[in-house]
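Protein chains: 2
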Amino acid sequence: MSLPATKPVYDRVALIGLGLIASSMFWAIQRAGLAGEVTGYARSETTRDTARRIGLCDRICDSAAEAVEGADLVVLCVPVGAMGQVAAEIAPALKPGATLSDVGSVKRHVIETVSPHVPEGVHFVPSHPLAGTEHSGPESGFAELFQNRWCLLVPVEDTEPSAVMRLRRFWEGMGANVDEMEADHHDLVLAVTSHTPHLIAYTMVGVADDLRRVTDSEVIKYSAAGFRDFTRIAASDPTMWRDIFLTNKTATLEILGRFTEELFALQRAIRTGDGQHLFDYFTRTRAIRRGIIEAGQDTSAPDFGRGAKGKA
Amino acid sequence: MSLPATKPVYDRVALIGLGLIASSMFWAIQRAGLAGEVTGYARSETTRDTARRIGLCDRICDSAAEAVEGADLVVLCVPVGAMGQVAAEIAPALKPGATLSDVGSVKRHVIETVSPHVPEGVHFVPSHPLAGTEHSGPESGFAELFQNRWCLLVPVEDTEPSAVMRLRRFWEGMGANVDEMEADHHDLVLAVTSHTPHLIAYTMVGVADDLRRVTDSEVIKYSAAGFRDFTRIAASDPTMWRDIFLTNKTATLEILGRFTEELFALQRAIRTGDGQHLFDYFTRTRAIRRGIIEAGQDTSAPDFGRGAKGKA
Chain R
0 MSLPATKPVY DRVALIGLGL IASSMFWAIQ RAGLAGEVTG YARSETTRDT ARRIGLCDRI
60 CDSAAEAVEG ADLVVLCVPV GAMGQVAAEI APALKPGATL SDVGSVKRHV IETVSPHVPE
120 GVHFVPSHPL AGTEHSGPES GFAELFQNRW CLLVPVEDTE PSAVMRLRRF WEGMGANVDE
180 MEADHHDLVL AVTSHTPHLI AYTMVGVADD LRRVTDSEVI KYSAAGFRDF TRIAASDPTM
240 WRDIFLTNKT ATLEILGRFT EELFALQRAI RTGDGQHLFD YFTRTRAIRR GIIEAGQDTS
300 APDFGRGAKG KA
Chain Y
0 MSLPATKPVY DRVALIGLGL IASSMFWAIQ RAGLAGEVTG YARSETTRDT ARRIGLCDRI
60 CDSAAEAVEG ADLVVLCVPV GAMGQVAAEI APALKPGATL SDVGSVKRHV IETVSPHVPE
120 GVHFVPSHPL AGTEHSGPES GFAELFQNRW CLLVPVEDTE PSAVMRLRRF WEGMGANVDE
180 MEADHHDLVL AVTSHTPHLI AYTMVGVADD LRRVTDSEVI KYSAAGFRDF TRIAASDPTM
240 WRDIFLTNKT ATLEILGRFT EELFALQRAI RTGDGQHLFD YFTRTRAIRR GIIEAGQDTS
300 APDFGRGAKG KA
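Heads up: the protein sequence lines correspond to chains R and Y, in order.
If you count by numbering that gives the first Met the number 0, then the first sequence holds residues 0 to 311, one letter each, in order.
If you count by numbering that gives the first Met the number 0, then the second sequence holds residues 0 to 311, one letter each, in order.
Keep in mind that the hints are not guaranteed to be accurate.
Note that the list lumps identical chains together, so a pair holds whenever it fits in one copy or between two copies.
Simulated crosslink set (EDC-like; lysine to aspartate or glutamate; CA at most 16 angstroms straight-line) [what the hints assert, rightly or not]: (1) K94 to E138; (2) K220 to E36; (3) K220 to D178; (4) K248 to D273; (5) K220 to E293; (6) K220 to E253; (7) K220 to E179; (8) K248 to E143; (9) K6 to E36; (10) K6 to D71; (11) K6 to E156; (12) K220 to D208.
What the hints contain is simulated information worked out from the structure, not anything from laboratory work.
Bound-form chain R, shown alone:
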């Protein structure tokens, strides 16, 4: 697992933004020997200092332009709402023939805001690794984050196939499974499997926090499996998630509409005492769980919502 690949996929890789994803990418790149050199840049001086202190990236630069200079692959790892501005900033420094990519959780918006800045001769290949934890920042990364996770490539029109193939090899080298998907479909799928669930978890934790008759300490002390999982989800980075909802507005609002429709039907079943409706609904949802386990995307080991799996 820690053996370097026979030869690097890119001579030089630049990571712009040094949070959970970029820092995990660096450790995964290093582990597999996927790049000759990795440069890094973060807007915050504190983040750059931290990166230098923990040895994140071969070289931390004090400007984005400096970091991308001469890079064969530039990956934007900033919140979705900042992608356009960062692309504008680095565009003049991009090397002809380089590949520009990103790791944003929303793809249509990134394509719309980044594409206008991509110089002639630079290959723009948006991507989205479906991997993460509830932690954020340069110290939260680790080489195994992408292992057996999916990374979706969302090539724009007329992208050079060889640039896509090379990026695919790069992500595979970091342990990911790679698929290609169209941007709007990506945004809809993610609204279902990630964005709406996050919004719902944030909402439920907020409700608990608001409820004055149930004290905060009771909510914390007696947090059972359901709620505890929600608090973990709702501990994710606020800036990243604000940007996701603002930029994947249409799909999120559509899925939210479907969600409230179903929720009201279940609420009505509770109010009218329709046990059959509840039972049938709860039985049906078990099948999806089985599918996820069979697809190797989760284990059937019992979870206590408290990390006891490794100990049990």
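Assemble the complex: chain R is given as a structure, and chain Y must be docked to it using the hints.
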């Protein structure tokens, strides 16, 4: 951890219903030597056969009345909706001076339906261990389930304090922390920390299953952290959860009302592009998470929604 206690807390314990909780209780009782003999009964013959095959309980009986005969502690471990009927069935066979308890997730309803059947001289002490996994059935239990989890005792009026104390020692012997709480407050707290989150998770998984433009295989393949956690929650026992919602109707509907109110406010912020509202909300919910970790009810180890914690 596997050393027996100096002496049993009860000479004979009867477990009625042999699912996740009862089977975990048996292994925990056995591990700590908390009872001289444990009898068990389940309505389904298949379950009784399985229990006999795996050595669950010292003796499996073919009727509930036989199982409770001579027992010093009888614990009802059936779905909340079945408690009253089972109590009626065993009442004539209960030993004078015995303690009757249950492990239901809703307490007001259990008290209302069980109390009328409790014979004079039998101590009724409702309880609720806040522990579980997404698995169910007699083979899903394990001795560590209650370790460091809370068990809430909800004594009814005029309960003999010595009976409550003894049940407390019993649960502590199984590894649980024990608190007492009033029934209605219990039902409200649990509506927040467990019941409503489960309903929401079931709903979201149902929505994903319904959505024809996103195929099931895509939902499964690309299930990211948020949704994957929801599918685990939504894999819980349908009968148990149907009963919980039907019997904790008032509190669940109240919390659902608060939830949709907040959700609509966030939905509106997305629609109007109010990033500040979203950011503030998402920042506030992080504090509760920290509290839960500080209270030792979860770990800060990153979770991937796929049981990788123990491996990382």
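Taking the hints in turn, this is what the structure says about them:
1. Taking identical chains as interchangeable, the C-alpha atoms of K94 and E138 are never at most 16 angstroms apart, the minima being 29 angstroms within one chain and 61 angstroms between chains.
2. In this assembly of identical chains, the alpha carbons of K220 and E36 never lie at most 16 angstroms apart, being 48 angstroms within a copy and 33 angstroms across copies at closest.
3. Proximity of K220 and D178 under a CA criterion of 16 angstroms is satisfied inter-copy only: 11 angstroms between copies versus 42 angstroms inside one chain copy.
4. In this assembly of identical chains, K248 and D273 lie within 16 angstroms of each other by CA distance solely across copies; the values are 12 angstroms between and 34 angstroms within a copy.
5. When the C-alpha separation of K220 and E293 is checked against a cutoff of 16 angstroms, the pair qualifies only between copies, where the shortest distance is 10 angstroms, while the shortest distance within a copy is 34 angstroms.
6. In this assembly of identical chains, K220 and E253 lie within 16 angstroms of each other by CA distance neither inside one copy nor across copies; the values are 35 angstroms within and 21 angstroms between.
7. For a Cα distance limit of 16 angstroms, the shortest separation of K220 from E179 across copies, 13 angstroms, qualifies, whereas the shortest one inside one copy, 44 angstroms, does not.
8. Proximity of K248 and E143 under a CA criterion of 16 angstroms is satisfied in neither setting, with 31 angstroms inside one chain copy and 44 angstroms between copies.
9. When the C-alpha separation of K6 and E36 is checked against a cutoff of 16 angstroms, the pair qualifies only within one copy, where the shortest distance is 12 angstroms, while the shortest distance between copies is 66 angstroms.
10. Taking the shortest Cα distances, K6 and D71 sit within 16 angstroms of each other inside one copy (15 angstroms), while across copies they are farther apart (72 angstroms).
11. For a Cα distance limit of 16 angstroms, the shortest separation of K6 from E156 qualifies neither inside one copy, at 30 angstroms, nor across copies, at 75 angstroms.
12. For the identical chains of this complex, K220 and D208 are intra-copy neighbours only, at 13 angstroms inside a copy versus 33 angstroms across copies, given an alpha-carbon limit of 16 angstroms.
Hints 1, 2, 6, 8 and 11 from the earlier list are contradicted by this structure; the remaining hints agree with it.
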